[in-house]
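Chain A is already provided as a structure; the job is to place chain B on it using the hints.
Protein chains: 2
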Amino acid sequence: MEIKSFQEFYAEDFSHCYGCGTNNERGYHIKTYWDGNETVSKFKPKPYHTALPGYVYGGLLASLIDCHSTGTGSAALYGNLPDEEKGEYYPRCVTASLKVDFLKPTPIDCELELRGKIKELKGRKVIVEVDLFAKGEICVKGEVVVLQVPDDWRPK
Amino acid sequence: MEIKSFQEFYAEDFSHCYGCGTNNERGYHIKTYWDGNETVSKFKPKPYHTALPGYVYGGLLASLIDCHSTGTGSAALYGNLPDEEKGEYYPRCVTASLKVDFLKPTPIDCELELRGKIKELKGRKVIVEVDLFAKGEICVKGEVVVLQVPDDWRPK
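From first to last, the protein sequence lines stand for chains A and B. Going by the numbering used here, the first sequence opens with residue 303, and the numbers climb by one from there. Going by the numbering used here, the second sequence opens with residue 303, and the numbers climb by one from there.
FYI, nobody ran anything at the bench for these hints, they're computed from the structure. One or more of the hints may lead you astray.
Intra- or inter-copy, both count: the list cannot distinguish identical chains.
What the hints assert, rightly or not - Quick list of in silico lysine to aspartate or glutamate cross-link-like pairs, DMTMM-like style, CA-CA up to 20 Å:
(1) Lys348 with Asp315
(2) Lys421 with Asp403
(3) Lys443 with Asp403
(4) Lys437 with Asp453
(5) Lys406 with Asp454
(6) Lys424 with Glu387
(7) Lys401 with Glu431
(8) Lys306 with Asp411
(9) Lys406 with Asp453
(10) Lys344 with Glu431
(11) Lys419 with Asp315
(12) Lys388 with Glu310
So that you can see chain A by itself, here it is in the shape it has in the complex (with noise of 0.2 Å):
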């Protein structure tokens, strides 16, 4: 059976992110799953996804852990949700702070790994902690503050 992302959850009218939607055919579609208590995604970015040539644009990695992160949030709010409320779908969860720290250069030619971990989940916002891996070692780390977004924002 194939395991589906956190992604894949996301009602149809929430699927257009360019980060993450399955529904933007121009976009990254960052996948996240669950590992244990922590959440994985993996990337592989483009030749052209270039800072200084060799590295990767910070950009794009601020974009992957912000993606990772509302996945991540998403995931979190429908896990603690009473069996009976739980629905087809997962809450869509929006950023209301991005904090990204680049350690070290990181190195264009490899599958990235993202790593989260829910530092605080407290009604509608999650507290998600990132570490950005590239061959083993860490180059960045993020802190973001996620929302579920409000009701009636949810498509009919």
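Relative to the frame of chain A, chain B by itself:
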């Protein structure tokens, strides 16, 4: 006389950034200019740069703030050089940390304007504050720490 953007003063080998490199055919080509003591970039998102339908993807907004800030840092460091050390190219900066607060959803159907201020310039480090406007309203605020790249990274 056409005024050149900061990014057009980067050395050729430092012009491959996906966000702002003049030599990156696939990239965003962000261009930044002085406006008094502030710096300005303008950018029209593509229809596919969506978060939720109608709004701009946060990863793109973070990317714009990132490159606006490295550009602002470069121009500020160049402006700070004694005249006899001013060469053909601006010093090139990379991002050490990026903090972005999404105050409200950013509409996608308009040109975005980023305005930057130099909060601190000390040695090789510049801290840049950025406000991102859509339709005259601040939607996103950023604070970015950028560092001049080491001399031994400079293209020969």
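Against the structure, the hints come out as follows:
no., hint, verdict
1, Lys348 with Asp315, "between (28 Å within a copy, 19 Å between copies)"
2, Lys421 with Asp403, "both (17 Å within a copy, 18 Å between copies)"
3, Lys443 with Asp403, "both (5 Å within a copy, 17 Å between copies)"
4, Lys437 with Asp453, "neither (41 Å within a copy, 26 Å between copies)"
5, Lys406 with Asp454, "between (42 Å within a copy, 16 Å between copies)"
6, Lys424 with Glu387, "within (17 Å within a copy, 54 Å between copies)"
7, Lys401 with Glu431, "both (10 Å within a copy, 14 Å between copies)"
8, Lys306 with Asp411, "neither (27 Å within a copy, 33 Å between copies)"
9, Lys406 with Asp453, "between (40 Å within a copy, 16 Å between copies)"
10, Lys344 with Glu431, "within (16 Å within a copy, 31 Å between copies)"
11, Lys419 with Asp315, "neither (27 Å within a copy, 37 Å between copies)"
12, Lys388 with Glu310, "within (15 Å within a copy, 53 Å between copies)"
Checked against the numbered hints listed earlier, the structure breaks hints 4, 8 and 11; every other hint is satisfied.
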